[in-house]
Amino acid sequence: MTITDAPRIVTRRLGKPASWTLAAYLADGGYQGLRAALAMTPDQIHDQVNTANILGRGGAGFEAGRKWGMLAPSKPVYLTINGDESEPATFKDHALIEGDPHQLIEGSLICAYAIGASQIFVYVRGEFPLAIERLQSALNEAYEYGAVGHEIFGSGFSIDIVVHPGAGAYICGEETALLESLEGKRGYPRIKPPFFPAAIGLYGAPTIVNNVETVSNLPWVVLNGGTDFAALGEGRSTGTKLLALAGHVKRPGNYELEWAKATFRDLIFDPGLGGGIRDGNELKVIIPGGVSSPWLGPEKLDISLSNESIAAAGSMAGSGSVIPMDHTTCVVRAAWRIVRFFHRESCGQCTPCREGGGWLEKILERVERGQGRESDLDLLMDVCDNISPGVAWPPAQTTICVLGPSMPPSVAAGIQMFRDEYLTHVREGRCPFPPDRLPLRLARV
Amino acid sequence: MSEKRRRPATPAAESSAPASAAPAPAAPAAEVVAVRLTRRPLLTESGVGTAPPPARPGDAATVNVTIDGRPVQAKSGQWIIQAADDAGVYIPRFCYHPRMKPVGMCRMCLVEVEGPRGSSLMPACYNAVSEGMEIRTASETAKKAQEGVLEFLLVNHPLDCPVCDKGGECPLQDQTLAYGPGESRFVEEKRHWEKPTPISELVYLDRERCIQCGRCVRFADEVAGDALIDFAERGDRTEVATFPGEPYSSYFSGNVVQICPVGALTAKPYRFKARPWDLDQVESTCTTCSVGCRAALQSSSGELTRLIGVDSDPVNWGWLCDKGRFAYASSSSPNRISVPMVRRGDELVEVSWAEALLAAAAGLDAAKNAGGGRSIGLIGGSRLPNEDAYVWAKVARIVLGTDNVDAQLGDGLPAELVLGLPRATIDQAATAPLVITLGPDIKDELAVLYLRLRHAVRENGTQLIELTPAPTGMSRYAAETLIYRPGEVATLAAAITSASPVTGDVAGVHYETVEAVRAQVERSRKIAEPGAPSIVVILGRPSLAESDDQVAAAARILADLPGVAFLSALRRGNVNGALDLGLAPGVLPGRVGLDQGREWYEYHWGSALPERRGLDTAGMLQAAARGHIGALVLIGADPMSDFPDSNVALKGLLGSHFSVAVDTHITESVRRADVVLPAAAWSERRGTFTNIEGRITWLSQLVTDHGVAWPDWMIASELAARLGVDLGYTSLEDIWNEITTVSPLHAGVGYDLISGQQARDGVLVPLRGEGAESRGPRPLDPMADPGIASAELHQLSPTSLLVVAVAMVPEQDGLAGPGTDGAAVGGPAFGGQRPTSAAAGSVPVGESGGEERDVAPMPPRPTLLGLPAVAMPVANEPGPSREGSLRLVSRHTLWDGGTQVQAVPALADLHPEPAVRVHPSVLAGLGVAHGESVRVTSAKGMLTLPAIADGAIPPGTAVLPWNLPGARAADLIDSSLTATDVRVDSAVPEGADVNG
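Sequence lines, in order, name chains L and G. With the numbering used here applied, the first sequence corresponds to residues 1 to 445, in that order. With the numbering used here applied, the second sequence corresponds to residues 446 to 1441, in that order.
Looking at chain L on its own, in the form it has when it is part of the complex:
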């Protein structure tokens, strides 16, 4: 069946013994992509990447090649790898850094060579201690091997890579906040314009910020050619996509699938993938692309897992985190938990996000605890509207970055799809669902 026939591009070494070591990497043809790249001109690599049409894997889905092409013509140029994967139920980059750090290093080097960068920064979420340790030791091995540093493989191309652990802020995954954080400042997203770090980025220099998964594709693209990559998938969604399947499935985990060739139903119910809903329960709702994306009902199970079709359904593929929730899920509690996360990670710059988020959290908590009023539904929607005017998708925003507008979708989806469930909370004065199955310690966070 098509789902399993596709080549695995970024995950094929995951799960193999000591996959994070140089020895294992070299045994599997490691650094051949870099060697091939160094024999090409930067423009040739850029052409291959354009041909491959690699969409950024961090969530926004912007073509990597196009992004590189927007670099301002000044020196120095920096490459920053965004490994600050911090959204609940998103864990694909985590696995890639931990399981195959050399692939990340090789991909970063190819990218840096192609864009003429003079330094690479890999910003890794601080709560990934093992990933940081493995990446750092892989880097040390790579230096010793001659793949990083001065005169890489005798090619005349020299560059250093710095691993920078984050300090615990989700917002530092926003690319401009990441750059501020790298510069040693408080992680505030930068106000736009300038709209792209490619114009003004790290320390004011042109900077490319690419996701871990995006650059991890590069060694394969260089070795196999952009055309082969583009042959996978469909439309704009080319290649494979690493999907982090979480939630109420029997087999949660990372699955690399050819893009646009499988549906949500395949992903959730295929015995080789999600294996179906836990305890034989009924699927209630899917969060299709991370907790900031609008929810989809079970009637959307058969849309294909591609950027375009999920967008057409009114949501987004995002970073590839899929969360099916079963019928025992309280949508008020789910929205509360999601909003609580975003609010507590709000950097605090913009009033609508900082205060609106806190307010939403408090209203949802009140409704969940049975102290809601019918008018709270309107209030929730209007507060959402003041954070993201129109509460539509893609979201309009009253804020500097999209963290604020990440809150309304779960609230609005809940109210629009499960209005009666909200009203039940209000009318019965209690939550009709059983308490969390989570350990208490987690439930209270």
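The reader is advised that the hints may include incorrect statements.
[To be verified] Pairs of lysine-lysine residues, derived as DSSO-like cross-links and limited to a Cα-Cα distance of at most 27 Å, are as follows: (1) G:546 - L:75; (2) L:185 - L:75; (3) L:192 - G:520.
[As the list claims (entries may be wrong)] Okay, the calculated bits of chain G under chain L, using three or more residues with CB under 8 Å as the criterion: (4) 549-556; (5) 563-571; (6) 595-602; (7) 630-642; (8) 674-680.
Source of the hints: derived by calculation from the structure; they are not laboratory data. Each residue gets a CB set at the ideal place from its N, CA and C atoms; glycine is no exception.
Dock chain G against the given chain L, drawing on the hints supplied.
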């Protein structure tokens, strides 16, 4: 409550909205519009307020935009909010401040902008106008967003307006009224914090009231460079915080209180003192130092309660230093002199004005009879407004018959040199490609000038070169800091201006550094442009332990650079005005030399002037110590704490047979006086002030005199009357009219010009070209600097009082500018006595006068002082220090043991602990640890105090702050030497058993 909310956001919400969601959606919107209309005029009513930032080069182009349907021409590159302000359309705002970079944080200024991809909400403070832009500030979408933001801001705001100091002048209150929702739908518990918490000695923080606009945080970092406060935490727990254990100790902390748009930051001295609507207000100039910052003075129940910086574009940009802001309380301190006193034996006894004046006149008369005018000396006068300085200068010359007058207390520079140098303005210093400082630590002594220079270096690319004996607060921003050996700066100045490369070390500075600076100076010679100075030298006294002649010689050398201009860094109050008006030996009012102006002033004053140039303060004190001074008049002067050499000061005061002190506060010198006359303080009287640039601004009266204190001009006039000369002044206007008539510097500068709407920022003298620079009235921006009420009603306008007086002044050629030879200024001789040749009752007229009269012809108007023609001799370069001794540097700190600071309880303890700073190797050589006590000994005295190791100080130098309580550097300094050497020894005698 929330059922009554209008405007359901979505169809889903609409369906559930009860039918009773009665108030028609349109009604509240209409209310909002109505409120806006009534409020808007307030925002532009006053002339006090905030100027837009200076136009950047290349901003001349305009773009056509539409604001609320009205076509508007905006400057290209302008933010939307500025273009709207210019067009009279007010966009609500919190985080935006016209003197800081926009950050777009509060989102209050969201407006709807029609762009290529349809309309979108944009922060007006962060998006520049572009051609064809269609801006809607009050569309449904924009209003919904603004209302939403305001509702959000109030979610966690405690709404404790009745007990909040900001209530009544609060941008949050005002904009909620104008742009906010009528009621809150928030029913949850608000955020709570411990409150208020002190973040410094002067500022309290109430985090519950804070709306996280970041103005304070940005000010501290961006404007003042003291990034000691920042945001901590996330989400609605975001708080402004200091680093644990590190308070927000900044010289500029009061500004964050001023610009806080809510009551989150409050100043300790003002908390709960008054309600804004009860405050009386005038606009005036701060006289704490010589920068001349404009400020709104406010009082409650006849007592000064607060100062708020007014945005004067050429000077302070709305900022004040904490000393200027909080030192006002000194005028009501218990230390204030409120009643005249005369000495009876060992005691000063309170007497009536009549008795005191008689005693003073008798003492002065006796001294004059015994030793002639030359045996009388006047010290001080930089506290005075210009008018009073002029009257004292005149009284000294024609009543007391002495040229022994000096507004500087041995801590300045030779007046004739300073007055003769080409002048620069602050704006010119801030835009010059090269600025050289040869003077004090500007951050400590002219704090707001430091802000302007820091901005120039960071934003305008100004290159700053410091010639200084020790690092300063500016050193962080300097391209080069040349730390010279005290007493050798003239050699260094010669080296950096020389045409040939430097090959050897100069004045202790490594030759490579000197050569780099020399090359830079040489480069800037070539870019000299006509019109604006290419090099601005900021000139003052670098150290009080170093005599002024070396500095003067260095200044004279720098003055020969092409395109150079000087900005005075003489620091004390109105010292620049006092010098301009003749309170210096050898200088007559109007920057005129004694001999140059003799004929002119003898004609106008109707009396002979002293024949010989008089003594400066040092000369007077030394003469007094030798018994040659019969009477000293101390005009707001305390030589005991201000003269660099306490030994000389004490001997001088003791040696004078008689002394009169005219002062506001009891000082050590006042205690030794024979007659004490209470003077009105700054806020208790009117007058004019001259700042470091020569900018004359208006000082307003806000409160009544303390006790029976008088303004100085009245004291001087009454004293003159008792000495037999009736000066004939009945008002300040009389005096100023005389000044503008006789002083070539002040020609044409009438009160109407200084206080007129067209010259709110003051007038630079001498007038250039078409007269006062005209900027036009600026709109008050209560959102930028809340708390400044519309000042028009409160300001005592001198213009109105002057209508008659101006009409009475004879026509004059004043506007032709100073120094016009042969200018015919007709007018009466001012002063009691007429020249003997003049027929009684005759009116002198100029040469152009038609009728022949039996009067002396009016002499030609004197020219202003110029540069001394020849370079000054580089005299008295001290030899190398004796083996083992260090050369002393002593400079003022903002907080010190000075009378004014010590009279304010909130400020008295802010001064640094006395300590001597030396190079670590010095301490290592002594075997003394950092922080341990040492003895600092000079030929004059000895101090025991802790030593601080500081690697930035050269090994041969010791730095001791000036005049700290418990450690007076003046006790060590020998003012007769070019530089003072000290020995630093361990305070523990060698061989002493510490444990025993």
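In ascending order, which of the hints set out earlier in this document are inconsistent with the structure? Going through the list in order, the structure violates no hint and respects every one.
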